[in-house]
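Asker: Each chain is listed here by its residues.
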Amino acid sequence: MALQSLDITRRSGTTTPSPAQRKTMEVAKLIDVSKCIGCKACQAACMEWNDTRDKIGTNHGVLDNPMDLTENSWTVMRYSEVETSRGLEWLIRKDGCMHCAKPGCLKACPAPGAIVQYSNGIVDFQEENCIGCGYCITGCPFNIPRLSKKDSKVYKCTLCSDRVAVGLEPACAKTCPTGAIVFGTKEDMMHHAQGRVADLKSRGFTSAGIYDPKGVDGTHVFYVLQHADTPGIYSGLPKAPSISGMVSIWKGVFKPVASFALALGAFGAFFHYVIKGPNEVSKENEKEFEDEK
Amino acid sequence: MKNDPKKLLRYTPSERANHWLTAITFILLALTGLPLFHPFFYPLTLLFGGGIWTRIIHPFFGILMVISFGIMSFHFRQLNTMTPADWQWMRHLRELANGDERNMPESGKFNGGQKLLFRLLVLFMALLLLSGIVIWRAYFSFLFPVWVVRLSAVVHAAAATVIIGLIMFHIYMAIWMRESMDAMLYGRVRRAWAKQHHSAWFRQVISGGK
Chain A
-12 MALQSLDITR
-2 RSGTTTPSPA
8 QRKTMEVAKL
18 IDVSKCIGCK
28 ACQAACMEWN
38 DTRDKIGTNH
48 GVLDNPMDLT
58 ENSWTVMRYS
68 EVETSRGLEW
78 LIRKDGCMHC
88 AKPGCLKACP
98 APGAIVQYSN
108 GIVDFQEENC
118 IGCGYCITGC
128 PFNIPRLSKK
138 DSKVYKCTLC
148 SDRVAVGLEP
158 ACAKTCPTGA
168 IVFGTKEDMM
178 HHAQGRVADL
188 KSRGFTSAGI
198 YDPKGVDGTH
208 VFYVLQHADT
218 PGIYSGLPKA
228 PSISGMVSIW
238 KGVFKPVASF
248 ALALGAFGAF
258 FHYVIKGPNE
268 VSKENEKEFE
278 DEK
Chain B
-15 MKNDPKKLLR
-5 YTPSERANHW
5 LTAITFILLA
15 LTGLPLFHPF
25 FYPLTLLFGG
35 GIWTRIIHPF
45 FGILMVISFG
55 IMSFHFRQLN
65 TMTPADWQWM
75 RHLRELANGD
85 ERNMPESGKF
95 NGGQKLLFRL
105 LVLFMALLLL
115 SGIVIWRAYF
125 SFLFPVWVVR
135 LSAVVHAAAA
145 TVIIGLIMFH
155 IYMAIWMRES
165 MDAMLYGRVR
175 RAWAKQHHSA
185 WFRQVISGGK
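The listed protein sequences derive, respectively, from chains A and B. Going by this note's numbering, the first sequence opens with residue -12, and the numbers climb by one from there. Going by this note's numbering, the second sequence opens with residue -15, and the numbers climb by one from there.
Hints are computed from structural coordinates only; laboratory data are not their basis. All of these numbers come straight from a predicted model, not from anything done at the bench. Some clues are possibly wrong.
[To be verified] Here are the computed lysine to aspartate or glutamate pairs in the DMTMM-like style, where the Cα-Cα straight-line distance is at most 20 Å:
1. A/K27 <-> A/E68
2. A/K140 <-> A/E115
3. A/K27 <-> A/D38
4. B/K179 <-> A/E273
5. B/K(-14) <-> A/E277
6. A/K274 <-> B/E163
7. A/K22 <-> A/E156
8. B/K(-14) <-> A/E273
9. A/K270 <-> B/E163
10. A/K263 <-> B/D84
11. A/K201 <-> A/D216
12. A/K140 <-> A/E13
13. B/K179 <-> B/D84
14. B/K179 <-> B/E90
15. B/K179 <-> A/E267
16. B/K93 <-> A/E267
17. B/K(-10) <-> A/E277
18. A/K42 <-> A/E58
19. B/K(-14) <-> A/E267
20. A/K274 <-> B/D(-12)
21. A/K89 <-> A/D204
22. B/K179 <-> A/E271
23. A/K22 <-> A/D51
24. A/K270 <-> B/E79
25. B/K(-10) <-> A/E271
26. A/K270 <-> B/E85
27. A/K137 <-> A/E277
28. A/K140 <-> A/E114
29. B/K179 <-> B/D(-12)
So that you can see chain A by itself, here it is in the shape it has in the complex (with noise of 0.2 Å):
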């Protein structure tokens, strides 16, 4: 919701300036993946406060419930069992909207002011102005937006923009029970992540590190990982994510390329008949068929 109407860096489908004469401090969740201990605390933290219900699943055999994001499920817990230079390692991330710097969900989307990113860094979907084209699951590098099939909007999370607004932390971080969800401004946080990692290597994991991918110009919403050379077996964790250079073609230079291209001809096409004249039919032909006109 458009709490923070006077703080908006980005709008989708808009070209000119959104409100943005304040400027707020960027904030940061930091998910610590080696403190988690995959309790789905967050899970239900989150569905409580922004009210949401999934439908109940079946059990796939695993600890994964639900198995993906849903309209729903705005974050879901992925567990993975992994074979490391440290023997068999259970990695459990917890999986959601990461809230980039350079949100590719944001630059596909046609409708104006659908998804909005705040000077905080919060990028929020507006359902109200959501039409359910789904572009911006076509532009995100994360596969985050999940589009409902009662209302034909996307849903994804907000970062519990609303309690961020009011100066609480978001719902997941309120409630984790060992500080491996933890929020405030991104530089406190990378911080705080630099520390953890430190410890983490201290205690041997040497390829411990900070996942805040530079691709998306960075995320307000990164992780600790003990292998952070190896995102990947962080349940699929992209290694270098960035807007497809699809879409950047699609909704960058080719919009007002197309659209010049266009007006161009249509000028084009004006002053041709205007400087040349129409093609009329000859003199000599309508002579030699006088009975016709």
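Assemble chain B onto chain A, guided by the hints.
Answerer: For chain B alone, coordinates are given in the frame of chain A:
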């Protein structure tokens, strides 16, 4: 008189109806498609009851157009094969644009430009259909991997731009070449017009052929 029997029949009533159904659906597609492409055109959604209706209705217009254009292109397919004479005709385009028709090679019912336009329309219409199905989120997009959807979005936008340009050209030619619109509006053209622009076709019709 619009239907003077001395005039020559160029398009039958069903050909005209078919053409105009295609034309109307094309315009509706352009008006509903452009707002999904560039925010500059977003106010066009107001013509269709807002952004959501525009998104819902665009692909159905598309199906209608593909059916209508499909029938038309099948019907006219044999009249639109490019011959060496047509390529020769194409080489004189600059003279034609300057209003000098004296050296234009003879053309049949359709000239080289019309045939080439027809073939390009078939090509881009096919691209629009295929890519359009892939990006039709409500029914089909979930069947394809995301990279195919992304590629299709680009192909759809590019093909649409080209085809809108081609149709703008087509409309301008119909306005610029006086009386040619009569053929598609009322079916018949004056003999003087036919002799000037499609002399081979003219002789054929006068001598009792079709």
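Asker: Could you grab the alpha-carbon distance between A/K27 and A/D38 and see if it respects the 20 Å cut-off?
Answerer: holds (16 Å)
Asker: Can the restraint linking B/K179 and B/E90 be considered satisfied, given a maximum Cα separation of 20 Å?
Answerer: Status holds; Cα separation ~10 Å.
Asker: Check whether the Cα positions of A/K22 and A/D51 lie no farther apart than 20 Å.
Answerer: The given pair, whose Cα atoms are some 18 Å apart, holds under the 20 Å limit.
Asker: Taken at face value, is the distance from the CA of A/E267 to the CA of B/K179 at most 20 Å?
Answerer: holds (12 Å)
Asker: Are the Cα atoms of A/K140 and A/E114 separated by 20 Å or less?
Answerer: holds (6 Å)
Asker: Holds or violated: B/K(-10) with A/E271, Cα cutoff 20 Å?
Answerer: holds (19 Å)
Asker: Sort out whether A/E277 lies within 20 Å of B/K(-14), counting only the CA atoms.
Answerer: It holds: about 16 Å lies between the C-alpha atoms, which stays within 20 Å.
Asker: Regarding the pair A/K140 and A/E13, is the alpha-carbon distance no greater than 20 Å?
Answerer: Roughly 27 Å between the alpha carbons, so the hint for A/K140 and A/E13 is violated.
Asker: Checking one constraint from the list: CA of A/K270 to CA of B/E79, max 20 Å. Satisfied?
Answerer: holds (19 Å)
Asker: Do the alpha carbons of A/K274 and B/D(-12) lie within 20 Å of each other, as the hint requires?
Answerer: holds (18 Å)
Asker: Quickly compare the C-alpha distance for B/K179 and A/E273 to 20 Å and report which way the hint goes.
Answerer: holds (10 Å)
Asker: Please work out if B/K(-10) and A/E277 have their alpha carbons no farther apart than 20 Å.
Answerer: holds (12 Å)
Hint violations for this structure: numbers 12, 27, all remaining hints satisfied.
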